[in-house]
Amino acid sequence: MSDPSAPRPLSFQAMILRLHQYWSEHGCAILQPYDMEMGAGTFHPATTLRALGPDAWNAAYVQPCRRPTDGRYGENPNRLQHYYQYQVILKPSPPNLQELYLGSLAAIGVDMRVHDIRFVEDDWESPTLGAWGLGWEVWCDGMEVTQFTYFQQMGGFDMKPVAGELTYGLERLAMYIQNVDNVYDLAFNDAGVSYGDVFLENERQMSTWNFEVADTDRLFDAFRKAAAECENCLEAKLPIAAYEQAIKASHTFNLLQARGVISVAERQAYIGRVRDLAKAACAAHMEKNGWAA
Amino acid sequence: MTDFLLELRSEEIPARMQPKAREDLARLFAGELAKAGLTAAETVTYATPRRLALILRGLPDATQAVSEEVKGPKASAPPQALEGFLRKTGLTRDQLVERDGVLFAVNERPGRATPEVLAEAIPAVIRAFPWPKSMRWGAASASTESLRWVRPLQGIVALFGEAVVPVEVAGIASGAATVGHRFHHPDAVTIRSAADYVEALRDAHVIVDQNERAAIIATGAAMATAKAGLTLVRDEGLLAENAGLTEWPVPLLGRFDPDYLSVPPEVIQLTARVNQKYFVCRDADGKLANAFVCTANIDADDGGAKIVEGNRKVLAARLADARFFYDTDLKVPLEEQATKLDRIVFHEKLGTVADKVERVAKLARWLVEEGIILPGTGRGTSAAGGGGAPQALLPADAPLHHQPAAGGPPPRAGEDNVALLADQAERAARLAKADLVTGMVGEFPELQGLMGGYYAAAQGEDAAVANAIRDHYKPVGQGDDVPTDPVTVAVSLADKLDTIGAFFAIGERPTGSKDPFALRRAALGVLSLTQTNGLRLSLIDPLVQVSTAALIGFMTRGAQSSVASAARSIVSMREAGAKVDGATREIIDAIRPMVQEVTKGASSQIAENLILTLDFFADRLKVQQREAGVRHDLIDAVFALGGEDDLVRLLARVHALQAFVATDDGANLLAGYKRAANILKKEGMTADVTPVKAGVSDEGAGQEPREAPASAGATYDREPAEAALVAALDAAEPAAADAVAREDFAGAMAALATLRAPIDAFFDAVTVNDADPAKRAARLALLARVRDAVHGVADFSRIEG
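So the protein lines, in turn, are chains P and D. Read in the numbering used here, the first sequence has 45 at position 45, and its numbers run on one by one without any break. Position in the second sequence counted from 1, then plus 1000, gives you the numbering used here.
A couple of the hints might just be wrong.
Here are some, though not all, of the chain D residues that point toward chain P, as calculated from beta-carbon distances under 8 angstroms [what the hints assert, rightly or not]:
| hint | residue |
| --- | --- |
| 1 | Ala1142 |
| 2 | Asn1290 |
| 3 | Ala1300 |
| 4 | Phe1763 |
Away from chain P, derived, C-beta distances all over 10 angstroms, residues of chain D [claimed, not checked]:
| hint | residue |
| --- | --- |
| 5 | Arg1151 |
| 6 | Arg1192 |
| 7 | Gly1310 |
| 8 | Thr1767 |
In short, the hints are calculated from the structure, not lab data. Backbone N, C-alpha and C fix where the C-beta goes; we use that ideal spot for every residue, glycine too.
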């Protein structure tokens, strides 16, 4: 930052703490990351399963996301196979959701008199969750910093009522706030730890594993087993346990994709299989709570 | 007369939906008002990201009072009739009016205050609004019946004159207050009246008129680029989109690192436009400059410095990605990329793209080796230069508009040139789809072909091959450049013929409005390619080739895959001269019937599909030619001859026919022909649809001598007009046939024209239906000969008028 009088921008962890503070003040339950590998914060049961049904639910949490195909061995300044999303879910969606969101940006130091914030059409769809919604990607000076969605369906079920979902790309937002061009240069804290210190080696090793080493036979096996276990849980009428297995299958599929062993033709079939598992888990969840009618 | 203002304020409306939303708002309102008999003198609509507005000027303050009369029974009618009428109208006897002994019910509908009508129209319009995608939101969405809007609806301003039209929709009450710009003026703005709307919002940093916003962006962007010594690359779509994304547009010029200019300009422009909605600029030399124009939605306190910096960074990251893809792609030879095409499914029944490439490569080579595409194709008669002089690869520089060969046979090409062209065509075809697996095309599918061309050129492929890879998707639509470079023509034509033949082979044909594989476009491409380049192509041969290959491929992959492949490998082993031992022989014997069954099924299916495919081409040709002003019945007349699958020849015949029927001779011959045909039809002597050999181009001599019963000497004395017609036919038949064989269709028409006078004279002087059966038979045969002679050129029965 060129202006010496400007306040020091928030570190990565300080930004998270601010967001926690802000959303806590707005009535959200502040949860911790789910302890399973997943491709997006939406997969967290606090979003997927809690979005279903009539009960009000307001929660916020950080979720580590794993997207094996996005790995770049630590060599790309913008792409990571492991990164963080900040996820807020508010059900029913409050009438002032946009204002609340803009308030959160202000809380982490975005000055809306010098930056250009825009809501650009981006309809969200998750083929693996049987879910879709309408909303925007929020641009800050041309950079997408948040996905803003009004869920319309989850697991194939109409939302009654609709939940609003905010998904912040934390690294992008931090790069923007700290004005750095390389993700690994982010100040993780104010005590000299950089994002690279924490994650660079991780990205190198995991990219290698994702793309080159992961044993595909075992992955195929893991996929089959997760799918079978999901069915097992469904039979036992344990929707949450079943949903966890669907998450596992989904991530295993992502790893297989990164290993390049799933043909285009098979791809749709695998996605369909994961969707069936996730939808079945959602259906079981609806039924268990007596919302299925 | 009073003006009405409606503003429907919501969260951000997608830019692409705004124009249609304005139209729908005006249309739906006009409909609602018309029901009440109201019309506005003027209708104005506005759209911004956050509001959709309508102003109706010059509305009357009330609707007209209406008096309706319903005729009832006569006053003298029996009481039951009266009772029935009273029940129907809900009136009493003393409310009826009697006139001339008849009872009338008079229903006086008083005029209604216009605001009352508006208060009903507003919710009706909102609920009926046809957004392409709409959503529910908030607590009310606990019911799926809750209001749907494009994004959450937040406010309604409804003013008739200066008075609020009170309505409530989904819990939102109308009023006079809206809000200004999200950041410049988030507070309430009270609107006094429709006349006040635009200016009141302008004061609150909102330009409501989308055209004004577009003009601000266009002017501002042009000025900013001019100041930097650059010119803006205009893009109307992008302009409208940016106007739809802003309420207070501020175009800002930024620069990016010139190093990124090593990435092809199309990639930079596409990245900037699609991902970031930026305009790009050219420098004084017309080259893409390292500059962009983004459109902010605020007047930033720092003049936009931070916004430009932020946008620059985002673009840099995008370009870094693009350059990464480009550099990575460049390192992998296209030949190697092409080996990965067997992973991409082209169509479930047609196998992978690799399978398609294999078929296309063979066909492209065949098109050259058969002499259909020559080294001189499309280049006039001068440059038989073995498949194209090297060309600069910049698409803008590529001279794609060579004149087609102007009549006469193309120059005789040397065999070396043909061999070279065939090699180049096959090579280009084998590489043409390889860019589908590159990172860049994965990111930007619309760059297919173009990127392959860049990579091929960079990897040292011959310029003709690289250009063919680049342009082989052309022509993409009507008005698109039609390739004329022989290598490109070969690959483009082979690709399209394969697509059509293969999809028809598996029964995937366009129906009605459904054409998911764009086969109509492909057919139009084939037509344009053959016409522009004057290609002499018999469609049947290539179509049989590709559909056979596609169908056998399908069957091989299908249920019989194991049997069929076993059979194939044994067959090919045998072909290769492998020793066949006893066990193998047994297998062969067991499999042979199955193979025959498969092949038999395939061949009848292929024949069936082939007819459908040719019909499809005929239809496309009709559509294309109708647009060019050619009569469809003339096309029918030529197509009805059957056996004609050479589109260029067919069209030449149609054109000659069109010219001929416009002449007196033509019109009269047609009349004479129809008279003859009618007589024959009555006699049950229908035309044996002659498989016309006319136009067999390679066998110059053409026609077998026709068996001509009426000329083979008559058993009675011919009347003079009869004899004259025989003589005329004796002369005209070979002349027409000869002309057709030479593809001189005007000459053929001229030969037919000589029949006109003798036919007219014959009908004037000779009685066909003579009492003498021999005479009658001979004269009918003569008429049949006339008909058949005409049919040698076209089926005149199809011609209207």
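Tested hints:
no.	hint	in the structure
1	Ala1142	holds (4 angstroms)
2	Asn1290	violated (17 angstroms)
3	Ala1300	holds (5 angstroms)
4	Phe1763	violated (68 angstroms)
5	Arg1151	violated (7 angstroms)
6	Arg1192	holds (27 angstroms)
7	Gly1310	violated (3 angstroms)
8	Thr1767	holds (74 angstroms)
Hint check: violations occur at hints 2, 4, 5, 7; the rest are consistent with the structure.
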